[in-house]
Amino acid sequence: MSILETAAQFGTYAVMAGVLIFALGVVTLRNLFHCALCLAAALIGTAVLYVVLRAEYLAAIQILLYVGAVVTLVIFAIMLTEHIAQKTVRQNNSQSPLAIVGLLGFVALLAGVILKTPWPVTQAALKAKVSVMGLGEALMGAYVFPFEVISIILIAALIGTVVIAKKDDAQ
Amino acid sequence: MTIFGWGVFKGMMVTLKNFLTSYFRKPDEGGIFTVQYPEEREKAIENFRNFPFLVYDGSPEKIRCVACGICERECPPKCIHIEMEIDVAGKPTRKPAVFDIDYGLCMNCGMCEEVCPFDSIFMDHAFEVTAPERNEGLVRNKKELSKSNEYFQKVRPTLASSIDQKRKAAEEKKKAAAAPQGVGGQAQPPQGQEPK
Amino acid sequence: MEIINALKNTDETQILEINFGPQHPSTHGVFRMTIQLEGEKICGLKPVFGYLHRNHEQIAENLPYAAIMPYTDRLDYVNALANNFGYALTIEKLAGLEVPERAEYIRVIMAELARVVNHITVIGFMLNDLGAFFTPLLYAFRERERILDLFEEITGSRLMNNFFRFGGVKRDLTNANLAAIQKIVSKFPAFLKEFEALLTKNEILCMRCQNIGVLSGDTATNAGITGPVLRASGVNYDIRKVDHYSIYDRFDFKIPLGEKGDVYDRFYVRVLEIRESLKILEQALAKIPAGEIINKKSLPLLKMPRNFKPPVGEAYGRVESPKGELGFYVVSDGTPQPWRYHVRAPSLINLTVLEEMCLGQKIADAIIILGSIDIVLGETDR
Amino acid sequence: MQNLLSSIDMIFVTAKAWVLSLLALFLPKWLIILASITISGVVILCLGPVIMMYLTLLERKLIGRIQNRYGPNRVGKWGLLQPIADGIKMFTKEDIVPANADKIVHLLAPIAIVVPALMIFLVVPFGKSMTAVNLNIGLLYFIAVSSITILPIFMGSWASRNKYSLLGGMRTAAQMISYEIPMTLAVVPAIMMSQSLSTNAIVLSQAGGCGLNWFIFTPWGIVGFIIFFLCATAECNRPPFDLPEAESELVAGFHTEYSGMKFALFYMAEYMNAFTLCGIAATLFLGGWQGPFLPSWVWFFGKTFVLICVMIWFRGTFPRFRVDHLMGFAWKFLLPLTLVNILLTALWQFTSNLVAWIGSILVLGISLWTLVKLNRTFVPEKRHYPLES
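Protein chains in written order, with this note's numbering: chain Y, 184 to 354; chain X, 6 to 201; chain C, 298 to 679; chain B, 2 to 390.
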């Protein structure tokens with residue numbers, strides 16, 4: 184049994200490494216289309232990690248929303264403006280030192296938060312399996328307010344898109 | 006007002022009907038109408054014309070063609086090439102020495118058959134003509150083009166028999182007119198020119 | 298608001314130029330269009346043709362009159378008989394040859410059968426352009442095959458018929474042939490009914506065809522469009538009715554007219570024209586008289602085509618080919634060859650309004666508009 | 002008798018268990034688990050391509066019959082070896098990569114497209130306890146995985162550097178995103194009624210009643226099924242929704258520049274998708290492997306193949322949609338209808354008697370009528386053709 188577990192562990196690390204490599208690819212590759220593909224790969228890798236952590240629901244949603252919708256739209260946009268996809272875009276400009284400073288600050292902040300948070304790692308929490316039904320109940324019960332707010336925001340976004348598109352059409 | 010989707014449904018019923026009838030109807034009534042070609046063949050249609058061939062009576066030497074060159078001249082795409090045979094004395098023998106037809110050029114119009122005054126060139130039924138080369142393989146020489154009258158009878162019976170009758174009548178007329186001259190065999194070009 | 302404006306300035310979509318053909322599954326041969334696309338919308342279209350140019354007119358000017366006949370088969374190879382008809386009509390006009398009664402009937406029968414063949418083929422191919430997976434096309438070909446078998450029996454060839462002669466036709470129709478034609482004519486309405494059930498009311502087809510590629514009657518007349526394309530635009534113009542050439546004035550038939558001049562009208566006018574052709578065939582089969590099939594005067598010319606020298610002069614003969622007005626203009630200088638020979642090909646002239654019909658439509662529409670014009674590249678490029 | 006039937010029913014399950022028990026004699030336990038996964042995996046990996054091969058034959062045969070001809074009948078009896086001959090042909094064809102193509106992406110696209118197609122097989126319940134992985138979010142997994150299919154198509158269309166491919170890719174993206182939404186919403190009623198996302202649980206909730214408990218025998222079920230099936234047809238780019246590869250317009254769409262085995266892989270993915278989508282449709286609305294008398298897997302494959310035949314029938318009958326019509330159909334017609342359908346299902350939870358039946362039919366009829374009235378473009382115009390002399 185332990186062999187399997189170690190194999191699974193190694194597999195997990197490999198997937199993590201892959202995610203990191205692809206994430207690096209997203210920011211360093213010069214061809215925008217390749218970047219988008221790397222982003223998709225990184226997101227799929229994250230979904231795999233979720234599966235490993237027994238959050239299948241989250242994994243499925245991750246793939247459905249991020250890979251199936253977000254990345255697709257990104258690629259769609261890239262393909263619509265084809266001259267971007269063909270050129271290789273320069274990856275840094277005069278503002279990059281500033282950005283690096285900002286990034287370092289953000290990383291420091293994140294690290295601080297992570298280190299300070301008391302992670303409640305108990306045996307019970309590890310064994311607990313969040314069912315879809317539980318999620319649904321949580322959404323409709325405890326978190327119904329944020330849920331509704333999000334839906335309103337989404338509807339506003341939708342209407343906004345339609346308005347912009349409509350104006351374009353009238354021209 | 007028709008129901009939305011009714012047209013689509015009707016179309017599907019048509020294809021379904023054809024699908025079912027293809028199993029148990031005859032080709033003429035909505036069954037399968039394709040022919041499994043190399044094994045099955047359509048009934049040969051007599052009037053069908055493809056490439057021209059030359060008719061001989063009996064043996065290939067007795068070819069009807071007299072190398073008059075009319076077909077060569079009238080052929081629209083100019084795919085016929087004829088050279089007359091010349092005997093030792095240097096006299097033309099009224100026989101083709103060379104008779105080439107470029108099948109690659111021929112457009113199967115049947116003009117040669119129409120203009121030939123000697124009933125010697127006819128359109129064949131053989132359509133499975135292939136060659137590996139565009140220029141060489143498709144040029145047919147006299148030997149390849151010559152086919153017996155029996156073959157002609159087999160391929161186009163009505164036309165061949167009517168032409169045989171015509172030729173017989175002409176021959177008898179000729180015999181009656183010039184009995185002492187003897188049998189001319191195939192060498193009877195001037196008489197052939199007035200068929201009717 | 299500024300952001301929106303900035304976005305609008307940057308997202309001017311690039312115009313994509315596509316070379317449509319000459320190697321393309323649905324250009325009906327080797328036709329080429331240069332299409333400018335904005336997304337899927339067409340904002341420019343230039344037809345380019347000439348890929349199948351075979352020098353038809355020049356070849357004809359170097360051939361005796363009779364030898365041109367097989368070449369006219371190769372113009373519009375879907376209905377060679379209409380081309381034969383037009384050319385024979387022109388030369389008869391030029392040489393003043395009369396055509397015997399029976400020959401006229403045979404001509405009309407053959408030409409109308411060719412029209413039926415052409416129209417079902419066109420509809421089949423148009424449906425293929427629409428994306429139907431060969432089914433309507435193969436149903437059309439099933440019926441076409443029966444008629445082509447008949448052509449083979451009568452003329453000797455399925456497509457390149459070379460059947461008409463100056464002053465008559467090449468071969469007589471036997472009673473068996475007439476019976477076979479009668480059988481086809483009487484069976485055809487059933488097939489048309491099935492065909493229509495498959496297509497006419499189909500919502501997808503209607504969606505795709507209605508109000509697409511609209512051609513107004515005015516534009517069509519100004520551009521010299523003829524044939525079903527013109528009649529679909531609502532203009533009553535059929536040379537069979539206008540010229541009364543051959544013996545078309547003896548038959549009772551109607552000219553179906555379209556309402557809007559879109560692709561659907563062009564499709565349906567053709568269906569209705571098949572019905573009218575069947576009516577003509579019925580009448581011709583009932584009335585066909587016995588007699589000669591070729592003018593006595595032109596009999597010797599069959600054996601000696603080079604002896605045929607029409608008097609000096611010119612003639613323009615035209616017929617209603619299934620694609621439109623097919624005209625032949627021949628100038629004779631008294632030699633065995635025509636001095637000038639010109640073909641007015643309906644396919645070519647109908648193609649001139651292609652851009653006008655396609656602008657603002659989607660790329661998928663351009664294909665069915667092209668299909669609905671019904672071009673045959675043999676005729677367009679000559 | 003009952004015994005025999007159930008043993009035939011479980012024949013594949015028992016076979017696998019037997020093999021595993023045989024292996025257990027001399028292999029350690031952790032290897033047995035691996036072996037169990039491998040056996041299921043190998044079976045699925047083989048099943049996919051084999052099904053695809055014979056689907057092509059079936060399609061050609063059926064369409065041939067629809068068009069009054071035989072279809073392939075030369076290679077082997079009834080053309081049964083035709084797919085193998087096709088495979089050999091594909092393998093021996095020259096692999097052409099356009100000079101300007103993005104070589105790596107061009108190579109990756111056909112490989113990547115097969116993966117989601119095969120992954121969906123994991124949650125398809127082929128028979129009683131014959132689901133490879135019994136995920137409790139099976140349906141969501143299916144929707145998620147089938148949404149990835151867009152990516153390889155994008156890759157292929159972009160990497161070919163061909164305008165036809167690019168247009169095909171755009172169309173695919175637009176079409177798949179649009180049709181995913183009504184498809185997902187059409188699934189919701191089945192989830193609501195069975196109160197589970199697991200494909201197995203959905204099948205089990207349709208048990209009994211000699212097949213009358215299948216979801217399709219309810220008003221919301223039949224509407225949901227029809228919408229799901231139409232969306233499935235659109236999802237796997239089959240006629241009349243085959244715009245991405247519209248051969249009369251875009252030559253071959255996104256795989257214009259592919260040849261040989263790469264092209265075959267695209268084809269394979271398409272057919273495997275068709276199979277799995279039909280399988281899922283059967284699972285959701287036709288009771289999956291439920292059915293009287295016959296073994297469960299026979300029922301499942303029977304239902305699936307009937308659905309596939311309907312898809313082929315569509316292909317043999319219809320002309321193709323146009324892009325804007327296709328979009329309009331999804332957004333303006335199917336989407337509102339699915340929403341009404343979900344509402345009806347919620348009501349059905351409370352009452353499911355004759356009154357509910359009539360009420361549902363009434364509501365559906367009214368909403369259908371309104372939608373048709375609102376979508377004038379889909380309704381054929383009436384034309385009048387004067388016959389002038």
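Errors might be hidden in some of the hints.
[Claimed, not checked] If you want a taste of the chain B side facing chain X, the calculated C-beta under 10 Å gives, among others: (1) LEU59; (2) ILE367; (3) SER368; (4) LEU369; (5) VAL380.
It is worth saying that the hints were derived from the structure and are not from the lab.
Quick reminder that beta carbons are idealized off the backbone N, C-alpha and C, glycines included.
Which earlier hints turn out false for this structure, listed by number in ascending order? Violated hints (numbers, rising): 1, 2, 3; every other hint is consistent with the structure.
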